[in-house]
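Keeping their order, the protein sequence lines are chains A and B. So for the first sequence, numbering that gives the first Met the number 0 puts the first residue at 0; every next one is plus one. So for the second sequence, numbering that gives the first Met the number 0 puts the first residue at 0; every next one is plus one.
Simulated from the structure, these hints should not be mistaken for lab results. Note that the coordinates shown come from a computational prediction; the quantities given were computed from them, not determined experimentally. Idealized CB from N, CA, C, for every residue including glycine. Treat the hints with caution; some may be incorrect.
What the hints assert, rightly or not - To give an idea of the chain B side of the interface with chain A (calculated C-beta under 8 Å), a few residues:
| # | residue |
| --- | --- |
| 1 | F87 |
| 2 | G110 |
| 3 | I114 |
| 4 | R138 |
| 5 | L139 |
| 6 | V145 |
| 7 | G153 |
| 8 | L156 |
| 9 | R163 |
| 10 | M337 |
| 11 | L341 |
What the hints assert, rightly or not - If you want the footprint, here are the derived chain A segments under chain B, 3+ residues with CB under 8 Å:
| # | region |
| --- | --- |
| 12 | 22-31 |
| 13 | 112-123 |
| 14 | 131-137 |
| 15 | 251-262 |
| 16 | 303-315 |
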Amino acid sequence: MKTRAEAERLAIDTGILVNLGFYVSISIIFAILALGFNLQWGYTGLFNAGIAGFFLIGAYTAAIAITPPTPPSTGYPGHLGGFQLPLAVGALLAMAMSGLAAALVALPTVRLRADYLAIATLAFAEVVRTVALNLEPVTAGTIGIVGIPHILTFSGPDAAFLNAATDVGVGAAILAGLFLGLHFILESPWGRVLRAVREDEEATMAVGKNTFRYKLQVFAIGGALMGLAGWLFALTLLYIEPSGSFAPAITFSVWVMVIVGGAGNLRGAIAGAFVIYGLEWLSVQLKDVAPDFLKDSIPYIRLMIVGALLIILIIYRPQGILREKKRVLR
Amino acid sequence: MAIPSESDSSTGTRVPHRLWELLHFTPRARRKLVRGALVTIIFLAFNGVLAVLFGVTILNYTIAGLSVSSIVIVAAIGLTLVYGMRGFANFAYGDIMSLGAYVALLVNINGLSLIWGAILSFAVLALVGILLELIVFSRLEGRGAVPPIVASVGVGLIIQNGIRTIATTTPWIYRVEAIQEIPIVPGLGVHPIRHILTPAVGLLFVLVTHILLTYTNLGKAMRATADNFELAKATGIDTKRVTYATWAVSCAFASTAGILLGLYGLLKPTMGFEVLLLIFAAVIVGGIGSPWGAVLGGLVIGLSQEMSAPVFAWLAGPDVIGLVNASAYKVAIPFIVMIAVLILRPWGIAGRAPAFTGRVFFIEKIAKALGRRPKPTGPLEDESGG
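Just chain A, same shape as in the assembly (with noise of 0.2 Å):
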């Protein structure tokens, strides 16, 4: 009897973990997109409308690369892959597509003024998801590709468990590494040339720096971390469909989470990641209690509150709670 209870009460304990444990490692891929994003646009002033469409294309290559032949079925129409290649390689694949994906992108339209990149990778971003909600034998359309495999494989009654703790810890390890060698390489003088850039591209210019070079590699650099991002995103709900987790919201939830931890900061944009991601997660815990009038609505108000965030923010507070530290010359 009491040991029935008590693993009664494991089971539960373990299974607040799970959810815990998802909220933390979908925190950690969006601090990966906010990393990518504020390497672009806090260190560079390159502004990202399509982050949601570097993260797609970084997703379904690591899908279509790692994951296991799926037979088609009925209901079912199968996509291009089966291909099942280590997962490390997954990564390397889709970090390079997504990075390619960028530079193309900014190729023409990174010389111009800041709003026809925003523009114009908006519209990339659109046309991307179009493409993936269609192009049924690549993606298998709006059903998705499934069947993605876990990072490690377990069995028994603790699987669920395990798998998040590996979520988890993997993204954690990736997420340490990327803030350590962003850390490092910003603070190199290739990362002064940015700032330099943002701060008067003109001057940088007049000093000999080829400026079209560099946002170029910024902006390729920050588009494979949204698709390193996406593979982990894959690999972690082991499912990927278009029109959800790749709509232009994921794009502006990022943005929000960029500017409450400030621009220009590493940091900001991880705690950024966890706070806005947390309110997420939080009004999706608050279905089961809300009222049954607010039920429906409780996605939309929380875009409702993002979208004043993202204005009040950008008025009273554009420097985001964490400002970037000032640098002084020696």
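Dock chain B against chain A, hints included.
Frame of chain A; chain B shown alone:
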């Protein structure tokens, strides 16, 4: 003796001269008119060839393209006015269109006709535009292009999700009598609302814009402010009032474009956001800030999108490449046209190149990378020859 004859001659030449002036036929305008006529003739001839080659039904796509263009033109004029004046892309514009459509719906389902809905929505949205500038965008003046873009996305999210909360996500439809298509020849027909009313409204708005911007003081002040804010201020134009007026006009145009869009299909919370890309493409193709360019860009974008549909339908054939859901890909066409314009003429097809612009910077760069040097130009040879 000399005086009356002089006055005679002046009255004799003056009236046509003034008429000439009224029509604004400067040499440049005349050149443009000739070019426009030429393009129109080529386009008509192209359609004639299509009709001969593929049968008359192919012209349905042209008709659809013209009515989509009309909606895009009305919206693009409104968007480009604010874009030119405030220097930022209003990402909320699509959602403002949806708001206009839903305001008209609210009037419409309460028993009034849609015409009243359109008029009321026009006024309400003008007010919304003024409020947006007052509450949000005037605080972001002089902060560059990105902060207002971020704020406009916030506005768009609030409007779109507000509509979702209040009007639910189920699609609505306007209460208008169902009207049958009028057949011209078998297989080719025009729908009175979609294919006659919509282009007529589009044309009306183009004319109204032209009159507003060319003949009224407000319009001239708007153009001056968009061209050079500081100079306009120094000349004594109340730039603040002009900015509010521009916002009012812009959002009012959005409401009409939204209603036309609602008449074309269904009313959904995302209806405006879905065509935002189309409108941006039209604005960029025409050159940012130029209403006449927006008209041209709207025509290019609308026609190219709709007339690409038969090409995709052909690609869907099992013996070609068997593309699934081929018709969905036509939304990529505006994007491709926009990128092409951004590569070749970032100032738009109607705009004038800014001074000191390299001819085609991007292509020259590629040529240089491939090792080709630009050839020495004509004048040098002439000098050596002489």
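Hint-by-hint comparison with the structure:
no.	hint	verdict
1	F87	6 Å, holds
2	G110	27 Å, violated
3	I114	31 Å, violated
4	R138	5 Å, holds
5	L139	7 Å, holds
6	V145	5 Å, holds
7	G153	3 Å, holds
8	L156	3 Å, holds
9	R163	4 Å, holds
10	M337	7 Å, holds
11	L341	5 Å, holds
12	22-31	violated (count 0)
13	112-123	holds (count 10)
14	131-137	holds (count 5)
15	251-262	holds (count 3)
16	303-315	holds (count 9)
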